[in-house]
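Protein chains in written order, with the numbering used here: chain A, 1 to 412; chain B, 413 to 824.
In short, the hints are calculated from the structure, not lab data. The model shown is predicted, which means the values in this text are computed figures rather than measured ones.
Quick list of in silico lysine to any residue cross-link-like pairs, SDA-like style, CA-CA up to 25 Å: (1) B:526 <-> A:91; (2) B:637 <-> B:609; (3) A:114 <-> B:503; (4) A:114 <-> B:507; (5) B:526 <-> A:95; (6) A:225 <-> A:209; (7) B:526 <-> B:457; (8) A:213 <-> A:239; (9) A:114 <-> A:288; (10) A:370 <-> A:188.
So, partial list: chain B residues that the calculated Cβ filter (under 10 Å) puts toward chain A: (11) 428; (12) 432; (13) 435; (14) 462; (15) 468; (16) 482; (17) 484; (18) 490; (19) 491; (20) 509; (21) 510; (22) 548; (23) 560; (24) 561.
Over the 12 Å line for every Cβ pair with chain A, so calculated as not near, a few chain B residues: (25) 446; (26) 532; (27) 609; (28) 718; (29) 734; (30) 788.
Every residue gets a Cβ at the ideal spot worked out from N, C-alpha and C, and that includes glycine.
Number of protein chains: 2
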Amino acid sequence: MAFYVQKFGGTSVGSVERIDAVANRVAGFVRGGDRVVVVVSAMSGETNRLEALGGEVLRGHPSETQAREMDVLLSAGEQASIALVAMALTRQGCPARSYLGDQVRIRTDANHMKARIESIDTECLLADLDRGVTPVVAGFQGMNESGDITTFGRGASDTTAVAVAAALGVDECRIYTDVPGVFTADPRIVPDARRLDSVTFEEMLELASLGSKVLHARSVEFVGKYGVPMRVLSSFEEGLGTLVTTEDQDMEQPVVSAIAHTRDEAKLTVQGVPDVPGVASRILGPVGEASIEVDMIVQNVGADGLADFTFTVRRADYERAREIVESVQGELEARAVTGDDRIAKVSAVGVGMRSHAGVATRMFDALAAKNINILMISTSEIKISVVVDEHSLEAAVNAIHDAFELGADATA
Amino acid sequence: MAFYVQKFGGTSVGSVERIDAVANRVAGFVRGGDRVVVVVSAMSGETNRLEALGGEVLRGHPSETQAREMDVLLSAGEQASIALVAMALTRQGCPARSYLGDQVRIRTDANHMKARIESIDTECLLADLDRGVTPVVAGFQGMNESGDITTFGRGASDTTAVAVAAALGVDECRIYTDVPGVFTADPRIVPDARRLDSVTFEEMLELASLGSKVLHARSVEFVGKYGVPMRVLSSFEEGLGTLVTTEDQDMEQPVVSAIAHTRDEAKLTVQGVPDVPGVASRILGPVGEASIEVDMIVQNVGADGLADFTFTVRRADYERAREIVESVQGELEARAVTGDDRIAKVSAVGVGMRSHAGVATRMFDALAAKNINILMISTSEIKISVVVDEHSLEAAVNAIHDAFELGADATA
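Turn these sequences into a full structure, and let the hints steer you where they fit.
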């Protein structure tokens with residue numbers, strides 16, 4: 001008998017049939033004697049639909065003053081799905097009760113559309129469990145001090161799940177998704193990619209923020225912060241999934257655990273700017289103010305004392321970012337602004353990297369052997385990322401996956 | 413400068429364009445110096461969509477234990493529309509703020525799906541108005557003592573509007589609909605039907621419950637109870653609409669103000685039941701328990717001491733009602749159960765009827781002159797209803813409309 005938080009994403013509750021399947025799965029655990037708190041996202045497509053409606057009314061992105069209403073709008077999606085899942089559970093003989101963010105008192109800070117959870121009141125959840133009722137909690141939403149609805153950013157229902165799991169001290173927070181776990185690379189690109197039995201939360205954090213869409217990055221931070229064991233597994237098939245842990249399970253970690261990639265990248269270069277303090281912030285300041293997220297940043301100084309400053313943004317933000325940078329070009333006395341919106345990023349991630357030299361070399365050699373040109377390089381303690389031409393993406397992922405012997409054959 | 417509640421139904425907020433038009437209209441009043449509290453329904457089709465999803469998950473109608481979740485589900489519709497209307501108002505330079513039922517503390521009793529409003533806390537609304545912010549309140553929903561979401565029944569956003577209007581003591585509660593007011597008859601059936609400048613709330617109550625879909629019956633009760641002046645008018649065109657008043661505006665009331673009709677009726681007759689106490693409740697008890705609404709009830713006793721007991725239900729409930737009645741037929745020792753699901757009801761309504769004799773005769777004569785057979789008759793203080801064959805409906809409405817000289821020509 002175990003105590004679980006079980007979180008189901010939008011695809012898992014995307015139709016009445018799937019909601020029934022979720023209820024059936026949860027009811028199986030409850031009948032077996034487990035205690036389960038369910039967390040659900042909005043039905044797939046629903047948040048997109050609401051967001052599009054909001055965008056149409058606003059004629060664009062919500063301003064600060066409109067963010068409160070955007071949160072009221074977006075949080076309606078989970079309201080429908082928790083009711084439907086609770087109804088399906090009750091119908092299947094497993095009494096259930098839905099909770100909105102404010103009803104389970106998920107208190108957050110005041111930042112609309114990107115609020116952070118401050119506290120959760122678990123009293124009603126525990127009271128339900130004690131009388132045999134399974135609580136179904138809305139992901140993605142909470143309430144600020146003024147009683148206004150707040151949301152945590154797209155995909156953040158995972159964060160609700162882990163926060164509830166931490167507050168309850170459950171045995172395991174299970175994130176049910178449409179994939180059977182975390183893989184050494186995207187199996188659609190690398191045919192012999194392998195499911196990992198476990199990853200550390202630090203690796204998972206790099207993988208999540210690198211575009212491996214399995215988990216929301218903030219939820220992974222919670223695993224590290226509160227030590228909640230989290231397991232990623234499939235809603236649709238049986239299997240153990242992947243355990244995200246706080247500690248190295250084995251003394252001997254593989255140097256590289258997985259290869260992540262993101263496709264929708266673009267880069268902008270400001271050429272020939274004076275290499276003086278403050279240049280970076282004068283370029284990136286206005287970009288940040290426009291709510292454009294900047295990923296990699298690289299600067300090189302040439303022999304003439306002038307620097308080339310390059311950064312990457314999401315492809316959807318490319319045109320806007322380019323306009324902003326071009327508008328400050330004159331003020332910076334830069335020679336030119338160039339850009340490329342057909343690039344992709346490939347990253348090797350692994351905690352074992354810390355104690356091993358030569359990882360970068362092995363990665364670069366593998367790319368060179370396939371004649372793939374590296375456009376940018378960026379490294380962190382447990383990650384090496386390279387930017388390549390978009391058309392080289394698949395070859396690059398496969399080359400690096402092979403170089404670190406991550407495939408199914410390699411372990412056989 | 414006036415103080416209004418302005419309520420917009422689902423059709424009026426059914427698309428982004430219409431939401432913009434609603435915001436434009438409200439903003440016009442606010443710019444002119446009026447104080448406005450907006451009440452909105454869910455976007456048209458949305459509550460139906462959610463209700464259908466709930467029905468699919470439940471495989472039928474919600475039981476008592478599922479009604480709490482059904483309310484969570486259904487109330488999500490208004491949550492989206494209040495946010496969108498508030499966003500549109502703010503975008504048009506008229507700062508606005510949305511309120512869910514629980515945020516404006518619309519406290520109700522514990523009856524899910526048919527809750528009644530007990531109190532409204534107007535403090536936040538008045539504070540908003542004082543600082544130039546237009547509140548946008550979700551219709552149809554409130555919160556019970558336990559903090560659970562409750563709803564008031566389909567179409568009950570009008571009730572929210574009138575209750576908020578009563579609590580605030582506004583000058584007028586304006587109900588914007590897809591028709592330009594209350595008519596002497598349905599203009600689609602009676603070409604010379606006339607818009608009424610005013611009706612009494614008692615007349616409106618009969619018209620609302622008789623199938624004139626303009627207003628929700630409960631909202632009209634509030635007009636009588638709290639003396640809130642209410643005006644029904646079109647969202648889409650200019651015009652004065654119809655004022656629903658608590659008092660007779662003129663000393664001299666017309667005998668009949670309007671002719672209402674309902675099309676989707678069915679009747680069931682239990683023939684030859686003993687005329688003893690308790691028969692009616694033994695027939696209607698199980699029908700009511702199945703949540704089937706009974707409208708007209710007529711009983712006649714024949715010479716043999718056996719009674720024919722007839723009642724009408726909505727056509728959608730006919731088959732279920734018939735099964736229920738047939739299941740108690742033996743116990744009642746009734747001779748037969750017969751039914752007809754192709755009937756319609758026509759009613760003449762007018763407060764002037766109280767002081768005038770001969771109204772029924774004039775109505776029946778008009779029908780006889782057109783050779784229309786009357787299947788059932790039912791009367792109240794200010795209303796006479798007849799049931800006719802569905803195919804006679806249009807002729808019956810026109811005949812009675814003419815008989816009481818309600819047409820545009822008659823007043824010219």
